[in-house]
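Model the full structure from these sequences, guided by the hints.
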Amino acid sequence: MLPIAAGIAFLGMAVTGCGPGGGTGRAALAKLPPPLTRAITEAGAKQVLIRHMVTMNLAQRRLSATVAARAETGSALELRRAEYKIFKANKLRAYSFKFTSAWGASPKFNTYPRWFVIAPTNTGTGKKTRDLMVFVQDARGGPWLVAYSPRADRATGALGKGIDVADVPDVVPPNDPSLVLPPDRLPAAHADMLSRGKRSPSTQLFRLTASVTDRYKSVLENRKVFTKLGWKGYYTPTPSPHPVYAVRTTSGGALVWYAVDFTTAGRNPGKATDLVWEIDSWGDLFTPFVGRSKVHSWYKGLERQEVVAYVPPRGKGKIQVIADRWSPVSLRGR
Numbered sequence: 003m004l005p006i007a008a009g010i011a012f013l014g015m016a017v018t019g020c021g022p023g024g025g026t027g028r029a030a031l032a033k034l035p036p037p038l039t040r041a042i043t044e045a046g047a048k049q050v051l052i053r054h055m056v057t058m059n060l061a062q063r064r065l066s067a068t069v070a071a072r073a074e075t076g077s078a079l080e081l082r083r084a085e086y087k088i089f090k091a092n093k094l095r096a097y098s099f100k101f102t103s104a105w106g107a108s109p110k111f112n113t114y115p116r117w118f119v120i121a122p123t124n125t126g127t128g129k130k131t132r133d134l135m136v137f138v139q140d141a142r143g144g145p146w147l148v149a150y151s152p153r154a155d156r157a158t159g160a161l162g163k164g165i166d167v168a169d170v171p172d173v174v175p176p177n178d179p180s181l182v183l184p185p186d187r188l189p190a191a192h193a194d195m196l197s198r199g200k201r202s203p204s205t206q207l208f209r210l211t212a213s214v215t216d217r218y219k220s221v222l223e224n225r226k227v228f229t230k231l232g233w234k235g236y237y238t239p240t241p242s243p244h245p246v247y248a249v250r251t252t253s254g255g256a257l258v259w260y261a262v263d264f265t266t267a268g269r270n271p272g273k274a275t276d277l278v279w280e281i282d283s284w285g286d287l288f289t290p291f292v293g294r295s296k297v298h299s300w301y302k303g304l305e306r307q308e309v310v311a312y313v314p315p316r317g318k319g320k321i322q323v324i325a326d327r328w329s330p331v332s333l334r335g336r
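First residue of the sequence shown? That's 3 in our numbering, and the numbers climb one at a time after it.
It is worth saying that the hints were derived from the structure and are not from the lab.
Any given hint could be a false lead.
Calculated lysine to aspartate or glutamate pairs in the DMTMM-like style (CA-CA distance at most 20 angstroms, straight line) [claimed, not checked]:
hint, residue 1, residue 2
1, Lys93, Glu280
2, Lys230, Glu280
3, Lys296, Glu280
4, Lys93, Asp282
5, Lys296, Asp276
6, Lys226, Asp216
7, Lys296, Glu223
So this is what it looks like as structure tokens:
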């Protein structure tokens, strides 16, 4: 891992890249692909992280998705937009970011988009966490934006036993057969585990930590609400269409960023009890999206859980969820 000392100062990060060799003369050189180079240098990564922190603190103060779009993209921005709707409707204040120490890793690319991963400890006004972020750059000279930002409660030290990443790691192929599960199959397997529990063959591949079991219990509870209150509907975990990012660990495994969506819909067949949806940390979740705290006739929604998981080599253990982040994304109803 690339350590970043207090004050977000990077240490021990090599900045040289190597390209493919072979061929001499202009004709041969013209046929060579662009050389592989690191996604970002030590100094560049430090500036990107500082700029992200400053921009997001402004967005958090204003609850402005427009400002957040200068720092985030993809799934991260979709969740942020939804959170700001909830905060505004329930008159909540967003926490501030203060990054102190971190580790990071920068793979090599010869095309765009390119990306790197970084995990600063956040000691702002919220709960102390470690934010495991993927920064993506779509084109040369374009902005570096966060595509995923799951959070880990383990804010300092190693991510877990035996989990380490080199400063310049390899990008793991989506269909890598050497792992317990290839990265491109992880979102679907995770969704099936949350949907079917012990009946899913995927469940035996995962370490059943509190993060996993709590989310599974939430799926069951949401489904029970329909029956209990007389509604007809469904609550279904599905693999998110957002990209999967994976870097090789020094153990030969992978750290993988991905997301699971939860699609849900319900209708009142005639005399069902009105639905309300409140959680302790955010309060009323219907009003921000549908304009009222109760839903009487129908509703349709999408929620998302962003995940970082450690996937060991085949035969070397189980998949471990080490960070996650959940939020509604959209809700409609009346």
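Does the structure break any of the earlier hints, and which numbers would those be? Of the numbered hints, all hold.
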